[in-house]
Amino acid sequence: MILLKDVSFQYGSKEVLKNINLSVKKGCFFGVIGPNGAGKTTLLKVVTGNLTGFSGDVYIKDKSIRDFNIKELARCISVVPQQVDIRFPYTCLEIVMMGRTPYKSRLKSLSPKDLNIVKKCMEITDTIQFADCLVTELSGGEKQRVVLAKALAQQPEVLFLDEAFSNMDAYYSIKCLNVIKQLVKERGLTVICVMHDLNLVKAFCSEVVMLQNGQVVKQGTVEAVMEPKLIHGTFKVKVAKAGNSGLAVLPEL
Amino acid sequence: MNSNSLVILVRNKHLKAKISGLILALMLAFVTVLSVNLGWANIGTRDILCIIAGKFTGSSDLYSHLNPAQVSIVWDIRLPRILCAVVVGWGLAVSGAVFQAILMNPLADSYTMGVSTGAAFGASAAIFMNVFYLSSMPIILFAFAGALLTLAVVISISRTGGYVSAANLVIAGIIVSCILSAAISLIKSMSGEQVSAIVSWLIGSLAARSWEHFLFGFPLVITCTLLCCYYAEDLNILSLGDQEARNLGIDGSRLRIVFLVCGALITAVCVSISGIIGFVGLVVPHLLRLLVGSDNRILIPLCALTGGVLLLSADTFARSFMNVEIPVGVLTTLLGGPFFFYIFRKRNKYIQ
Numbered sequence: 003m004i005l006l007k008d009v010s011f012q013y014g015s016k017e018v019l020k021n022i023n024l025s026v027k028k029g030c031f032f033g034v035i036g037p038n039g040a041g042k043t044t045l046l047k048v049v050t051g052n053l054t055g056f057s058g059d060v061y062i063k064d065k066s067i068r069d070f071n072i073k074e075l076a077r078c079i080s081v082v083p084q085q086v087d088i089r090f091p092y093t094c095l096e097i098v099m100m101g102r103t104p105y106k107s108r109l110k111s112l113s114p115k116d117l118n119i120v121k122k123c124m125e126i127t128d129t130i131q132f133a134d135c136l137v138t139e140l141s142g143g144e145k146q147r148v149v150l151a152k153a154l155a156q157q158p159e160v161l162f163l164d165e166a167f168s169n170m171d172a173y174y175s176i177k178c179l180n181v182i183k184q185l186v187k188e189r190g191l192t193v194i195c196v197m198h199d200l201n202l203v204k205a206f207c208s209e210v211v212m213l214q215n216g217q218v219v220k221q222g223t224v225e226a227v228m229e230p231k232l233i234h235g236t237f238k239v240k241v242a243k244a245g246n247s248g249l250a251v252l253p254e255l
Numbered sequence: 273m274n275s276n277s278l279v280i281l282v283r284n285k286h287l288k289a290k291i292s293g294l295i296l297a298l299m300l301a302f303v304t305v306l307s308v309n310l311g312w313a314n315i316g317t318r319d320i321l322c323i324i325a326g327k328f329t330g331s332s333d334l335y336s337h338l339n340p341a342q343v344s345i346v347w348d349i350r351l352p353r354i355l356c357a358v359v360v361g362w363g364l365a366v367s368g369a370v371f372q373a374i375l376m377n378p379l380a381d382s383y384t385m386g387v388s389t390g391a392a393f394g395a396s397a398a399i400f401m402n403v404f405y406l407s408s409m410p411i412i413l414f415a416f417a418g419a420l421l422t423l424a425v426v427i428s429i430s431r432t433g434g435y436v437s438a439a440n441l442v443i444a445g446i447i448v449s450c451i452l453s454a455a456i457s458l459i460k461s462m463s464g465e466q467v468s469a470i471v472s473w474l475i476g477s478l479a480a481r482s483w484e485h486f487l488f489g490f491p492l493v494i495t496c497t498l499l500c501c502y503y504a505e506d507l508n509i510l511s512l513g514d515q516e517a518r519n520l521g522i523d524g525s526r527l528r529i530v531f532l533v534c535g536a537l538i539t540a541v542c543v544s545i546s547g548i549i550g551f552v553g554l555v556v557p558h559l560l561r562l563l564v565g566s567d568n569r570i571l572i573p574l575c576a577l578t579g580g581v582l583l584l585s586a587d588t589f590a591r592s593f594m595n596v597e598i599p600v601g602v603l604t605t606l607l608g609g610p611f612f613f614y615i616f617r618k619r620n621k622y623i624q
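Just so you know, the protein sequences line up as chains A and B, in that order.
According to our numbering, the first sequence holds residues 3 to 255 in order.
According to our numbering, the second sequence holds residues 273 to 624 in order.
Honestly, the hints are just simulated from the structure, not real lab data.
Be a bit skeptical, because a hint or two may be false.
Said to hold, decoys possible - EDC-like, lysine to aspartate or glutamate: derived pairs with alpha carbons at most 16 Å apart:
1) K110(A) with D348(B)
2) K288(B) with D134(A)
3) K27(A) with E209(A)
4) K106(A) with D116(A)
5) K7(A) with D87(A)
6) K285(B) with D134(A)
7) K73(A) with D514(B)
8) K73(A) with D348(B)
9) K177(A) with D128(A)
10) K183(A) with E159(A)
11) K618(B) with E139(A)
12) K28(A) with D87(A)
13) K65(A) with E159(A)
14) K238(A) with E188(A)
15) K238(A) with E254(A)
16) K187(A) with E209(A)
17) K187(A) with D199(A)
18) K240(A) with E209(A)
19) K106(A) with E505(B)
20) K290(B) with D319(B)
21) K27(A) with D128(A)
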């Protein structure tokens, strides 16, 4: 589904990504982990077409990202960025409805079918009760759920999540991840997510890539990559097994 | 929430917008009629109707029984001034809403971008030359050119790699408008005793505006407003930032230029007609966002009507109810400033 060939990127003189090679199959729940400044967000920006001027090649569905037109790309992928700064008092419904933009023609209102999709996305993210509320009046975690609903309303083939759960409480992080996992299973959605919570990565991702200093440390199945020794080498923290599939970071260095 | 609730929400929103639009349109009509009737010269409503009907149909019999001075007061003085007030208020409010959305800054307006200052500089230069070189430079064209030139400079400064970002635009706007303010002060200081001509233009007034002013401004303001309405949906998305716009399949950089040019054209027209009139572009979009929400498809047309009503009311008040006519630019700022302060305080309290 997604293929990166020798991708490098520089911010000025600082080399942020160095010769990254990656491949992600369709229907994969793919995690990107690494310490601060490892290049995770930059990697996501390159793959989603938000940064140009990188070297190497990025292919989405066997087509180079440089050959996509912007509307076509928006129908294929959607992105939940680290932070969405909404400064005007739109209602949550208006925000989620914007997710249908790539499918609608200008000056036409949304069809009942589109509205139904919007409604479903708001229901599964538990935001339907905010439909008529102003997004500027929601808490950080609630706002993130609305933005997630908007990204889902885009009905993408690939969903990119950049710390999309960082402000949600534990309940909603797990709930939203479950919703996304369900979509992966039922519709073959491909998910690429950047997360700091190693526990959640271990529990939900099927494949993981570990980055450090702009380079791939290891890519492979979640069991192979999320190994205590390797994690200690990169993150300098100790982890222990927790629950059935989880991982707990120990509060000691 | 049942299955139709979203449909109902959407329908209610559109209904509310239509009703507000209707009310505002009626208010605009009412204030216009009222304004034609108000003034120091006492002319009856029926006579006024005769004059307007006569002028439009081209039959001078309809008003031949009236004093030519009365005809002139209504047709050559009051009507163009009223129409200019509507066009300027309309334009300032629309450009305010547009600038706020593209700059992602609810406190922006045409001053933030330096466009108004550019127009003021053009006008000052024209007045200066008229006074000292005895030429007759048309102030309105100079103001217009000044605004567009400023826009071009601001865009070219803020462009990095073919890309114009909101933050860069604000910074470039502030830099350019500082330089231009200094230039205006320089012109003022060189004008010696003639400085009053420049000052009185800068204050902003609609006195003695003619049909030419209206006919110059109206088509441009209407065209740009329609264009903004056409792209209003994209403007909503653009107000979430470039990255979000891109993720939703919209090229933010190109669209921003379209809106910038539209907003600047409108501002240029308004400032060149009336001088600098403050706070309409800031207060009107703010007030309407509290009432009807932020959807620009609704906000822009309602801003247009509200701006027209507001400036016309202010101007009519300024010319009819005081012994001395106050320049409307002073009045809007004197009233608009405290009012804006009030909204701002209330909003902050609400958020806390």
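K106(A) and D116(A): Cα distance at most 16 Å? holds (9 Å)
Is the straight-line distance between the alpha-carbon of K110(A) and that of D348(B) 16 Å or less? Status violated; Cα separation ~43 Å.
Straight-line alpha-carbon gap K7(A) to D87(A), limit 16 Å: Answer violated: K7(A) to D87(A) is near 32 Å, above 16 Å.
With a cut-off of 16 Å on the C-alpha distance, tell me whether K183(A) and E159(A) pass. Holds, at about 14 Å.
When you check the alpha-carbon spacing of K288(B) and D134(A), does it fall within 16 Å? Between K288(B) and D134(A) the Cα gap is close to 14 Å, so the pair holds against 16 Å.
Is the Cα-Cα distance between K285(B) and D134(A) 16 Å or less? holds (10 Å)
Measure nothing beyond the straight line between the CA atoms of K187(A) and D199(A); if it is 16 Å or shorter, mark the hint as holding. Answer violated: K187(A) to D199(A) is near 22 Å, above 16 Å.
So if I understand the rule, the pair passes when the alpha-carbon distance is 16 Å or less; does K177(A) with D128(A) pass? Distance ~9 Å between K177(A) and D128(A) Cα, so the pair holds.
Starting from K27(A), check that the Cα of E209(A) is at most 16 Å away, please. Given that 16 Å is the threshold and the Cα spacing comes to 10 Å, the pair holds.
Hinted pair, alpha-carbon criterion (16 Å max): K28(A), D87(A). Please report holds or violated. It is violated: about 31 Å lies between the C-alpha atoms, which goes past 16 Å.
Restraint check for K618(B) with E139(A), where alpha carbons must lie at most 16 Å apart: Between K618(B) and E139(A) the Cα gap is close to 14 Å, so the pair holds against 16 Å.
Do the alpha carbons of K73(A) and D348(B) lie within 16 Å of each other, as the hint requires? Since the Cα atoms of K73(A) and D348(B) sit roughly 52 Å apart, the hinted pair is violated (cutoff 16 Å).
In summary, the numbered hints that this structure violates are 1, 5, 8, 12, 14, 17, 18, 20, 21.
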